[in-house]
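In order, the protein sequences belong to chains A and B. Numbering of the first sequence is given in the numbering used here, commencing with residue 1 and proceeding in unit increments. Numbering of the second sequence is given in the numbering used here, commencing with residue 264 and proceeding in unit increments.
It is worth saying that the hints were derived from the structure and are not from the lab. Glycine is no exception: its CB is placed at the ideal position from the N, C-alpha and C atoms. Among these hints, one or two may not hold up.
Said to hold, decoys possible - Selected chain B positions facing chain A (in silico; Cβ < 7 angstroms):
no.	residue
1	272
2	276
3	279
4	282
5	318
6	328
7	365
8	394
Said to hold, decoys possible - Straight-line Cα separation of at most 25 angstroms, DSS-like style, residue types lysine-lysine; simulated pairs:
no.	chain 1	residue 1	chain 2	residue 2
9	A	91	B	281
10	B	281	A	38
11	A	256	A	57
12	A	57	B	274
13	A	190	A	38
14	B	383	B	274
15	B	383	A	91
16	A	38	B	379
17	A	190	A	256
18	A	91	A	38
Said to hold, decoys possible - If you anchor each label on the Cβ, the simulated ranges turn out as follows:
no.	chain 1	residue 1	chain 2	residue 2	range
19	B	295	A	239	55 to 63 angstroms
20	A	211	B	419	42 to 50 angstroms
21	A	136	B	353	16 to 24 angstroms
22	B	273	A	62	50 to 58 angstroms
23	B	303	A	227	40 to 48 angstroms
24	A	239	B	334	53 to 61 angstroms
25	B	297	A	62	27 to 35 angstroms
26	B	305	A	55	45 to 53 angstroms
27	B	332	A	227	36 to 44 angstroms
28	A	261	B	303	42 to 50 angstroms
29	A	253	B	381	44 to 52 angstroms
30	A	94	B	342	48 to 56 angstroms
31	A	58	B	379	16 to 24 angstroms
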Amino acid sequence: MYSFDMVRPTSVADAVSALGQDEAQALGGGQTLIPTLKQRLAMPSVLVSLSGIEEMKGVCREDNGDLTIGGGTTHATVAAEAAAHYPGLAKLAGGIGDPAVRNRGTIGGSLANNDPSACYPAAALGSGATIVTNTREIAADDYFQGMFTTALEEGEIITSVRFPVPEAAGYAKFEQPASRFALTAVYVAKYADGVRVAVTGASENGVFRWTEAEQALSSNFSPDAVAGLSVPADGMISDLHGTGAYRAHLVGVMTKRAVAAAS
Amino acid sequence: MAEVTMTVNGKSVTKSVKGNTLMTEFLRDELRLTGTHVGCDTSQCGACNIHVNGNLVKACTMFAGEADGAEVSTIEGQANADGSLNVIQQAFQDHHGLQCGFCTPGMVMAAASLLKQNAKPTEAEVRDYLEGNICRCTGYHNIVKAILAASGQDVSGIAAE
Ligand SMILES: Cc1cc2nc3c(=O)[nH]c(=O)nc-3n(C[C@H](O)[C@H](O)[C@H](O)COP(=O)(O)OP(=O)(O)OC[C@H]3O[C@@H](n4cnc5c(N)ncnc54)[C@H](O)[C@@H]3O)c2cc1C
Ligand code: FES
Ligand code: FES
Chain A
1 MYSFDMVRPT SVADAVSALG QDEAQALGGG QTLIPTLKQR LAMPSVLVSL SGIEEMKGVC
61 REDNGDLTIG GGTTHATVAA EAAAHYPGLA KLAGGIGDPA VRNRGTIGGS LANNDPSACY
121 PAAALGSGAT IVTNTREIAA DDYFQGMFTT ALEEGEIITS VRFPVPEAAG YAKFEQPASR
181 FALTAVYVAK YADGVRVAVT GASENGVFRW TEAEQALSSN FSPDAVAGLS VPADGMISDL
241 HGTGAYRAHL VGVMTKRAVA AAS
Chain B
264 MAEVTMTVNG KSVTKSVKGN TLMTEFLRDE LRLTGTHVGC DTSQCGACNI HVNGNLVKAC
324 TMFAGEADGA EVSTIEGQAN ADGSLNVIQQ AFQDHHGLQC GFCTPGMVMA AASLLKQNAK
384 PTEAEVRDYL EGNICRCTGY HNIVKAILAA SGQDVSGIAA E
């Protein structure tokens, strides 16, 4: 690792001002950033640790039924505390990586990173969540802009994420056993006004909505509804773990499984 | 450099650390607690597992500065007060849950964390919990058996496959 300083502010306001320094970068749970720093793929002069900011932690049910999760909340906390309110989301959080990763990694870090194989982007897009930052609110549909790319500006902090709670939701992840990320995974959420389907791990453009399946499932929320549908293999990730055609096929399979698992 | 104070295995320590000092480096190089092993240094293997405020974490993927004010325990703090092996450690010995022993500190820390949350896990739950712990020697069966035995469950019917 290159050398850098670390500061640990205790409020969002102090973190924002610390991030105003030259070459400053936010540190969430470090489960992605620390390996990146070890490979010398990033060279910050100062890391602004968000882990001491209590106002960015926790799971809270709003009066209108939405679930708000602080940007610094760990995957383990979401798995435990969202279970009673939004079981589909809690289950996704409880399947990220392994127990030690879940005890450090945060929802804000995952969404800021927008790894094309990460789990949370599928939940946020599939739920039509709102990404709340220190300056504004961004709809999930506008937030994800291609692999590792988001609408966040330099120094902008995800302070919380607001999820409308669906009638039922399911996540089916075909796990890449070495990395524990999704080889391809699908998040399905059924709302009163329709079904949303978000696919991660498959496209070279990162997480995306499968609108054809959304329409089919909105009129018939059952695995059979998507039986005749398929996504094109063009633009799908091809690597040693699977070809684009294989991933395109998995999209259909995982969608069916996600619908079957929805609760 | 910044000063950090934390409790490690019940003892308070204060040291100056650099921003990029990892917990593995802090424990092994500064405190000479070399039971926390570095297997991969890429967050995959769990040999470096420790507890921070009661939670299992990979010490190679946490900065020492982030543990300021925390309660840390490592493998060195696991034995009983009289120095004898604790229930989990003893079960690893009794059930041959290790060969070279390199992964064992991380396995024991993971097992302790699991049994605190789930006092009587099933075999499937043990295997699931060990997802982030890699062992190159044993083939895992005896590790799983040791953890089930440490939880007080009868493992006489479980054959080493
Ligand atoms: C072994 C292993 C297995 C994993 N398996 C999975 C998996 O199955 N599924 C999955 O989805 N992920 C997986 N991950 C990644 C994990 O979920 C990370 O926690 C996550 O990608 C990053 O979150 P973090 O809090 O650790 O962020 P960090 O690593 O600290 O930061 C990542 C990036 O986000 C920025 N950032 C952090 N927090 C914020 C914030 N609040 N606002 C704005 N920017 C911020 C940082 O500056 C950095 O650029 C795995 C990781 C490991 C090591
Ligand atoms: S050394 Fe930390 S996970 Fe392998
Ligand atoms: S006993 Fe050798 S790596 Fe596990």
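Here is how each hint holds up against the structure:
Evaluation of the residue 272 of chain B hint against chain A yields a violated restraint, the C-beta minimum of about 19 angstroms exceeding 7 angstroms. At a threshold of 7 angstroms, the smallest CB-CB gap from residue 276 of chain B to chain A is about 18 angstroms, leaving the interface hint violated. For the restraint placing residue 279 of chain B at the interface with chain A, the shortest Cβ-Cβ distance is roughly 13 angstroms, beyond the 7 angstroms limit, so the hint is violated. For residue 282 of chain B, the shortest C-beta to C-beta distance to chain A is roughly 4 angstroms, which falls under 7 angstroms, so the interface hint holds.
Interface hint at residue 318 of chain B: satisfied, since its Cβ lies 4 angstroms from the closest Cβ of chain A, which is below the 7 angstroms cut-off. Below 7 angstroms, beta-carbon pairs count as interface contacts, and residue 328 of chain B has one with chain A at about 5 angstroms; its hint therefore holds. A hinted interface residue such as residue 365 of chain B counts as satisfied when its beta carbon comes closer than 7 angstroms to some beta carbon of chain A; here the least separation is about 17 angstroms, so the hint is violated. The beta carbon of residue 394 of chain B is positioned within 7 angstroms of a beta carbon in chain A (closest approach about 4 angstroms), and the interface hint is therefore held.
For the hint pairing residue 91 of chain A with residue 281 of chain B, the CA-to-CA distance comes to about 37 angstroms; that exceeds 25 angstroms, so the pair is violated. Distance hint between residue 281 of chain B and residue 38 of chain A is fulfilled; the C-alpha atoms sit about 15 angstroms from each other, no more than 25 angstroms. Using a Cα cut-off of 25 angstroms, the hinted pair residue 256 of chain A and residue 57 of chain A is violated, with the two alpha carbons roughly 34 angstroms apart. Taking the CA atoms of residue 57 of chain A and residue 274 of chain B, the gap is near 28 angstroms; set against the 25 angstroms cutoff, the hint is violated.
Between residue 190 of chain A and residue 38 of chain A, the direct Cα distance comes to roughly 41 angstroms. Violation of the 25 angstroms bound is thereby established for this hinted pair. A distance of roughly 31 angstroms separates the Cα atoms of residue 383 of chain B and residue 274 of chain B; the hinted pair therefore is violated under the 25 angstroms criterion. The straight-line distance between the Cα atoms of residue 383 of chain B and residue 91 of chain A is roughly 21 angstroms, inside the 25 angstroms bound, and the hint therefore holds. The hinted pair formed by residue 38 of chain A and residue 379 of chain B fails the criterion: a straight-line CA distance of about 32 angstroms is larger than 25 angstroms.
Between residue 190 of chain A and residue 256 of chain A, the direct Cα distance comes to roughly 14 angstroms. Compliance with the 25 angstroms bound is thereby established for this hinted pair. Simply put, residue 91 of chain A and residue 38 of chain A have alpha-carbon atoms about 31 angstroms apart, too far for the 25 angstroms limit, and the pair is violated. Our hint of 55 to 63 angstroms for residue 295 of chain B and residue 239 of chain A is violated, since their Cβ atoms are close to 42 angstroms apart. Checked against the hint of 42 to 50 angstroms, the C-beta distance between residue 211 of chain A and residue 419 of chain B comes to roughly 56 angstroms, which is inconsistent with it.
Residue 136 of chain A and residue 353 of chain B have their C-beta atoms about 56 angstroms apart, which leaves the hinted 16 to 24 angstroms range violated. For residue 273 of chain B and residue 62 of chain A, the hinted distance range of 50 to 58 angstroms is not satisfied, since their beta carbons lie about 42 angstroms from each other. Between residue 303 of chain B and residue 227 of chain A the beta carbons are some 42 angstroms apart, a value that agrees with the proposed interval 40 to 48 angstroms. A hinted range of 53 to 61 angstroms for the beta carbons of residue 239 of chain A and residue 334 of chain B is inconsistent with their spacing of about 42 angstroms.
Separation of residue 297 of chain B from residue 62 of chain A is about 49 angstroms and departs from the stated range, judged on CB atoms against 27 to 35 angstroms. About 32 angstroms separates the C-beta atoms of residue 305 of chain B and residue 55 of chain A, a value inconsistent with the hinted range of 45 to 53 angstroms. A hinted range of 36 to 44 angstroms for the beta carbons of residue 332 of chain B and residue 227 of chain A is inconsistent with their spacing of about 55 angstroms. Residue 261 of chain A and residue 303 of chain B have their C-beta atoms about 32 angstroms apart, which leaves the hinted 42 to 50 angstroms range violated.
The hinted window of 44 to 52 angstroms between residue 253 of chain A and residue 381 of chain B is violated, with their beta carbons roughly 31 angstroms apart. The beta-carbon spacing between residue 94 of chain A and residue 342 of chain B, approximately 32 angstroms, falls outside the hinted interval of 48 to 56 angstroms. Remark: the range hint 16 to 24 angstroms for residue 58 of chain A to residue 379 of chain B is upheld by a beta-carbon distance near 22 angstroms.
In this structure, the earlier hints numbered 1, 2, 3, 7, 9, 11, 12, 13, 14, 16, 18, 19, 20, 21, 22, 24, 25, 26, 27, 28, 29, 30 are contradicted, and the remaining ones agree with it.
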